[in-house]
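**Student:** Below, each chain spelled out in residue letters.
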Amino acid sequence: MTMAEALRDAMRLAMHQDPSVFILGEDVGIQGGFGGGFTVTLGLSETFGHERVMDTPISEIAIIGAAVGAALTGMRPIAEMQYGDFVFCAMDPVINQAAKLHYMSNGTYQVPLVLRLPVGATSRGAQHAQSTETYFMHTPGLKVVCPSNPYDAKGLLLASIWDNNPVVFLEHKLLYGGKGGRKEKTSLDPIMEVPEEAFTIPLGSVAIRREGTDISILANMLMVYRSLQAADRLAEEGISAEVIDVRCLAPLDIGTIVESARKTSRVLIVEEDNLTAGWGAEVAARLAQEAFYYLDAPITRIAAPDTPVPCAASLEQVYLPDVETIVNTAKQLIE
Amino acid sequence: MIFNVVIPNLGATGGDVVVEEWLVKPGQFVQAGAPLFVVTTDKATVEVEAFRSGYLHSILIEIGTSLPPGSLVALLADTEQELNAPPPALVLPANSPALERRSIDSEQKQVEEIQPARKILASPLARRMVRQADLDLATLPGTGRQGAILKRDVQRALDLRQLSELSASIPGIEVQRIPVSNARKAIAQRTQWSKSHTPHFYASIDIDMCAAREMLSQAATLAAKHGWNAPTINDLVLRATAKALRKVPRLNASYSGEEILVYGQINLGLVIGLADGMIVPVLHNVDQKNLFTIAAQTKKLKEKAQMGTLTAKDLDGGTFTVSNLGMYGLDSFLGVINPPQAALLTLGAVLQKAVVREDQVVPRWTLTVNLSVDHRAVDGVHAAAFMQELRNLLENPFTLVFEAPKEEVD
Amino acid sequence: MNLDSAVPIEVVLEIYRRMVRIRRFEDRLYQMFLQGLVPGTLHQYQGQEAIAASVCMALRLEDVVFSTHRPVGHAIAKGVPLEGIAAELWGKATGCAGGKGGQMHLVDSTVGFPPSSAVVGSNIPMAVGAALGFKLRGLDCVAVSFFGDGASNTGAFHEGLNLAAVKDAPVIFVCENNQYAASTHISLAMRISDIALRAQAYGFPGLVVDGMDAIAVYNSASQAIAHARSGAGPTLLEYKTFRFMGHSRGDPGGYRSKQEVEEWRKRDPIIRLHNTLIEIYNQTTEALESINREIQVEVEAAIQFAQDSPDPDPATTYQNVFADD
Numbered sequence: 001m002t003m004a005e006a007l008r009d010a011m012r013l014a015m016h017q018d019p020s021v022f023i024l025g026e027d028v029g030i031q032g033g034f035g036g037g038f039t040v041t042l043g044l045s046e047t048f049g050h051e052r053v054m055d056t057p058i059s060e061i062a063i064i065g066a067a068v069g070a071a072l073t074g075m076r077p078i079a080e081m082q083y084g085d086f087v088f089c090a091m092d093p094v095i096n097q098a099a100k101l102h103y104m105s106n107g108t109y110q111v112p113l114v115l116r117l118p119v120g121a122t123s124r125g126a127q128h129a130q131s132t133e134t135y136f137m138h139t140p141g142l143k144v145v146c147p148s149n150p151y152d153a154k155g156l157l158l159a160s161i162w163d164n165n166p167v168v169f170l171e172h173k174l175l176y177g178g179k180g181g182r183k184e185k186t187s188l189d190p191i192m193e194v195p196e197e198a199f200t201i202p203l204g205s206v207a208i209r210r211e212g213t214d215i216s217i218l219a220n221m222l223m224v225y226r227s228l229q230a231a232d233r234l235a236e237e238g239i240s241a242e243v244i245d246v247r248c249l250a251p252l253d254i255g256t257i258v259e260s261a262r263k264t265s266r267v268l269i270v271e272e273d274n275l276t277a278g279w280g281a282e283v284a285a286r287l288a289q290e291a292f293y294y295l296d297a298p299i300t301r302i303a304a305p306d307t308p309v310p311c312a313a314s315l316e317q318v319y320l321p322d323v324e325t326i327v328n329t330a331k332q333l334i335e
Numbered sequence: 001m002i003f004n005v006v007i008p009n010l011g012a013t014g015g016d017v018v019v020e021e022w023l024v025k026p027g028q029f030v031q032a033g034a035p036l037f038v039v040t041t042d043k044a045t046v047e048v049e050a051f052r053s054g055y056l057h058s059i060l061i062e063i064g065t066s067l068p069p070g071s072l073v074a075l076l077a078d079t080e081q082e083l084n085a086p087p088p089a090l091v092l093p094a095n096s097p098a099l100e101r102r103s104i105d106s107e108q109k110q111v112e113e114i115q116p117a118r119k120i121l122a123s124p125l126a127r128r129m130v131r132q133a134d135l136d137l138a139t140l141p142g143t144g145r146q147g148a149i150l151k152r153d154v155q156r157a158l159d160l161r162q163l164s165e166l167s168a169s170i171p172g173i174e175v176q177r178i179p180v181s182n183a184r185k186a187i188a189q190r191t192q193w194s195k196s197h198t199p200h201f202y203a204s205i206d207i208d209m210c211a212a213r214e215m216l217s218q219a220a221t222l223a224a225k226h227g228w229n230a231p232t233i234n235d236l237v238l239r240a241t242a243k244a245l246r247k248v249p250r251l252n253a254s255y256s257g258e259e260i261l262v263y264g265q266i267n268l269g270l271v272i273g274l275a276d277g278m279i280v281p282v283l284h285n286v287d288q289k290n291l292f293t294i295a296a297q298t299k300k301l302k303e304k305a306q307m308g309t310l311t312a313k314d315l316d317g318g319t320f321t322v323s324n325l326g327m328y329g330l331d332s333f334l335g336v337i338n339p340p341q342a343a344l345l346t347l348g349a350v351l352q353k354a355v356v357r358e359d360q361v362v363p364r365w366t367l368t369v370n371l372s373v374d375h376r377a378v379d380g381v382h383a384a385a386f387m388q389e390l391r392n393l394l395e396n397p398f399t400l401v402f403e404a405p406k407e408e409v410d
Numbered sequence: 001m002n003l004d005s006a007v008p009i010e011v012v013l014e015i016y017r018r019m020v021r022i023r024r025f026e027d028r029l030y031q032m033f034l035q036g037l038v039p040g041t042l043h044q045y046q047g048q049e050a051i052a053a054s055v056c057m058a059l060r061l062e063d064v065v066f067s068t069h070r071p072v073g074h075a076i077a078k079g080v081p082l083e084g085i086a087a088e089l090w091g092k093a094t095g096c097a098g099g100k101g102g103q104m105h106l107v108d109s110t111v112g113f114p115p116s117s118a119v120v121g122s123n124i125p126m127a128v129g130a131a132l133g134f135k136l137r138g139l140d141c142v143a144v145s146f147f148g149d150g151a152s153n154t155g156a157f158h159e160g161l162n163l164a165a166v167k168d169a170p171v172i173f174v175c176e177n178n179q180y181a182a183s184t185h186i187s188l189a190m191r192i193s194d195i196a197l198r199a200q201a202y203g204f205p206g207l208v209v210d211g212m213d214a215i216a217v218y219n220s221a222s223q224a225i226a227h228a229r230s231g232a233g234p235t236l237l238e239y240k241t242f243r244f245m246g247h248s249r250g251d252p253g254g255y256r257s258k259q260e261v262e263e264w265r266k267r268d269p270i271i272r273l274h275n276t277l278i279e280i281y282n283q284t285t286e287a288l289e290s291i292n293r294e295i296q297v298e299v300e301a302a303i304q305f306a307q308d309s310p311d312p313d314p315a316t317t318y319q320n321v322f323a324d325d
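Chains as they are written, first to last, in our numbering: chain A, 1 to 335; chain B, 1 to 410; chain C, 1 to 325.
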């Protein structure tokens with residue numbers, strides 16, 4: 001399955017299993033439409049009808065606010081922002097309500113919603129390109145998930161739907177695997193075997209994609225692939241890199257990351273979001289605290305520069321961390 | 001080349017002086033004759049000039065220490081590149097206070113030690129390892145960025161320690177404890193460094209010494225008549241070595257990492273055994289000295305060595321070393337190179353041996369000579385050429401006293 | 001719609017009770033505030049009681065009410081126990097939110113009162129979402145969103161109303177137009193004077209009603225609720241009313257003329273209902289006085305309870321960030 005297919009499959013299975021699960025967003029169910037911004041909901045309205053796959057006007061505040069209200073009163077809504085960037089129109093319901101109402105109600109109400117955000121740079125310009133993890137990682141009460149492949153996408157989305165907390169679920173546009181007219185230039189489109197039945201991957205886990213002994217590379221979404229490529233190149237030069245897919249930022253499995261740091265004594269974080277106060281900064285700070293006496297090199301982050309995302313593909317290449325940079329930085333840390 | 005900077009005999013009573021101040025910082029260039037450091041004697045405060053130009057490699061003593069003349073206080077390097085090289089043959093007389101204060105370990109960045117204000121950079125992991133292993137961070141060289149000490153540097157120190165711990169002792173057996181003098185320590189460190197950092201290879205050759213013995217016997221007669229010192233086998237070998245090095249200068253060199261430095265002078269170190277240890281005074285410009293001169297000077301050096309009166313100048317500047325255990329009846333032995341030199345020649349006894357000549361077995365006086373070579377600077381080809389030349393010269397000893405005609409330029 | 005149609009006496013009496021409860025409680029709080037005895041902030045409801053009480057009376061227990069930074073009236077009207085409200089204001093462990101919500105965030109899941117949300121307008125889309133959820137499940141419950149005139153200018157209001165309209169959501173939008181958003185008079189914030197007009201813009205009924213007339217409020221609310229329950233979609237009820245106190249604690253209300261305040265005080269909804277009960281429903285003054293006294297005792301007891309209650313366990317600071325953790 002491609003990642004888009006895996007996500008669709010997860011929602012289909014969830015909606016079959018539990019009538020309280022429903023989808024709302026722009027262009028998600030329109031007959032003859034695209035199935036959301038990136039085909040993920042394609043065909044679901046045919047199976048479940050247009051009430052459960054609910055098309056909304058362009059009203060981000062209402063979409064997420066309504067999802068909160070529905071979640072408070074017994075539903076499990078899956079709200080979609082057409083582009084993750086648009087969540088900023090509706091930060092109030094996310095940060096001030098969804099994240100906090102469970103706490104403010106002293107645990108007597110829950111907000112079991114999933115907010116799906118397509119993220120990542122794809123030569124569309126700065127308002128359709130951001131990686132938004134860090135805002136949500138910083139907010140207590142939200143879970144933040146960012147799968148890198150179809151198998152994880154399905155398992156993590158199902159887990160997110162059944163989780164009784166608000167989950168911000170980030171999906172990288174270049175990993176969807178859109179086909180035909182929906183295919184992204186420079187997309188990776190990972191395709192893999194994904195079990196047909198429902199399964200969940202517990203939230204709050206990271207995945208070691210490649211074991212190594214000389215340096216730990218932490219990355220998420222698209223950057224996982226670049227890191228793996230870099231690891232191959234490093235192996236040619238006798239450097240053994242461990243690559244960890246940080247597929248869940250909140251809750252964060254810092255334990256596995258610290259263990260890796262202790263083993264290799266060097267950590268390199270590769271992230272697509274902007275450097276300052278990105279998710280890498282938080283992980284670096286925790287590592288500095290918990291693995292300090294095991295570090296043989298400074299914890300280093302490779303991230304996008306502190307600029308908006310440029311549109312031209314050539315500039316985007318400069319903006320995004322690339323394999324070359326990952327390889328060179330890793331080598332520097334080892335010298 | 002690296003030279004010793006010593007406290008000169010400052011006239012007066014020759015008593016101890018106190019080094020007050022260094023006028024040049026390690027790494028800086030000093031002109032020959034320019035003031036290098038300041039001492040106070042019992043009479044006055046005196047500036048000591050640099051006896052040659054060079055770059056101050058390292059300061060080996062602490063300011064304010066009281067030292068006798070002749071004490072080694074610093075090292076001067078000819079070239080900037082040598083600033084990073086290990087210090088040269090530094091086996092000092094056992095009474096050298098410099099050794100008491102600090103053993104010369106060529107791996108240490110001595111600059112950092114003399115300037116305590118400078119912070120030691122080390123990774124957290126390295127520091128933890130050092131703490132747990134009870135090492136001293138200040139003694140470790142750092143190979144990381146900005147000279148930081150990393151895990152690999154600590155690991156190397158641990159490995160070395162483990163190695164030395166391996167040979168520490170055999171438990172449960174009665175033991176006689178011999179205190180380790182500074183000289184002994186110096187030998188231990190130098191030879192250990194040499195063996196672990198210099199890839200040794202060896203070449204061996206047997207030399208027919210019949211003609212040489214005959215010649216020496218005649219030379220002894222001549223010497224007696226004039227009251228000169230009679231040249232020994234060793235003296236002859238020194239002369240031959242110098243000439244052979246002129247022919248194969250590659251053996252008279254040092255490996256510096258970036259370059260192979262082939263020396264213009266031929267200064268031969270002679271290994272002289274002492275009560276506990278050895279000392280290696282240097283005969284300078286041996287190729288320019290005739291056999292009787294060599295004989296006289298080597299005798300003098302031996303005497304001074306036994307009296308403990310060798311000066312820094314006597315110990316300075318060796319480019320090649322010769323070691324002779326022939327007096328102990330050994331056939332041959334292999335030695336440890338004296339860094340930063342590229343080679344060491346070791347001699348056994350001159351013995352009558354059965355040798356094949358024209359398909360006949362005949363007794364001939366034979367000297368077995370071994371060469372220990374630094375493979376980084378020298379290959380088998382050079383070693384072989386040198387040994388062959390040495391043999392030629394010694395088997396045709398008149399070539400050692402008579403020169404080839406020199407062309408005169410009008 | 002007949003705003004004067006007859007309402008059963010039990011209903012009117014209960015509406016009266018709830019209004020008195022709100023008034024006595026809020027007045028007592030204000031008194032204590034002046035003495036420096038109230039620890040937190042206050043956004044008081046005096047003057048608007050008819051709206052909370054009548055609308056909530058028209059609801060069932062399983063219907064849900066989304067309130068604002070001024071939730072005390074709505075909470076009391078929906079049936080949140082007075083003790084829990086008082087204790088929450090005092091930040092005690094026995095508060096309806098365990099001291100973690102505070103005055104602006106009252107809650108009680110047993111009476112259909114999700115945590116009130118203080119960001120103006122934010123509760124509007126939430127009510128729409130709850131309503132959509134009911135509809136999806138085929139339940140005939142409704143959701144109510146209470147908000148003020150100020151909220152009707154927020155993006156959340158417009159997006160929420162439009163979404164509710166398009167989806168025929170069973171939600172009732174109750175706008176308590178007390179003429180002022182904090183200190184800003186409504187004429188400075190919009191060009192129209194009847195907010196109910198905005199429902200028309202979104203294609204569903206909007207009604208302007210005198211918010212000081214409890215009977216009228218009840219009848220209009222009942223109609224709108226029935227409309228929603230039938231699947232016909234939302235209604236915007238605009239109740240003209242007035243907040244007798246300042247916007248929040250310590251607000252002396254310098255932006256309103258004394259005259260204006262006095263004019264509205266003359267239309268006190270409790271006095272009006274009191275008179276209606278006497279004149280139309282043939283109740284006796286003594287009976288009503290007795291209700292008043294009962295409630296006074298209730299109020300005192302609740303406040304005493306709050307003051308006597310323990311502080312929350314410090315460990316609760318870290319609890320309930322996530323469900324199931």
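There's no promise every hint is true.
A short, non-exhaustive set of chain C residues, derived as facing chain A with CB atoms under 7 Å [to be verified]:
#1 Ser-122
#2 Met-126
#3 Leu-132
#4 Gly-138
#5 Ile-192
#6 Ser-193
#7 Val-297
#8 Pro-314
Below are the DSBU-like pairs computed for lysine-lysine, each with C-alpha atoms no more than 30 Å apart in a straight line [said to hold, decoys possible]:
#9 B:Lys-185 x B:Lys-243
#10 B:Lys-300 x B:Lys-313
#11 A:Lys-331 x B:Lys-119
#12 B:Lys-225 x B:Lys-119
#13 B:Lys-185 x B:Lys-247
#14 B:Lys-119 x A:Lys-263
Source of the hints: derived by calculation from the structure; they are not laboratory data.
Treat the numbers as computed from the prediction; the structure is a model and nothing was measured.
The beta carbon of each residue, even a glycine, is placed where N, CA and C say it ideally should be.
**Student:** Give a verdict on every hint.
**Tutor:** Cross-check of the supplied hints:
| no. | hint | result |
| --- | --- | --- |
| 1 | Ser-122 | 6 Å, holds |
| 2 | Met-126 | 3 Å, holds |
| 3 | Leu-132 | 6 Å, holds |
| 4 | Gly-138 | 9 Å, violated |
| 5 | Ile-192 | 22 Å, violated |
| 6 | Ser-193 | 26 Å, violated |
| 7 | Val-297 | 28 Å, violated |
| 8 | Pro-314 | 15 Å, violated |
| 9 | B:Lys-185 x B:Lys-243 | 34 Å, violated |
| 10 | B:Lys-300 x B:Lys-313 | 14 Å, holds |
| 11 | A:Lys-331 x B:Lys-119 | 26 Å, holds |
| 12 | B:Lys-225 x B:Lys-119 | 67 Å, violated |
| 13 | B:Lys-185 x B:Lys-247 | 36 Å, violated |
| 14 | B:Lys-119 x A:Lys-263 | 28 Å, holds |
Of the numbered hints stated above, those contradicted by the structure are hints 4, 5, 6, 7, 8, 9, 12, 13, listed in ascending order.
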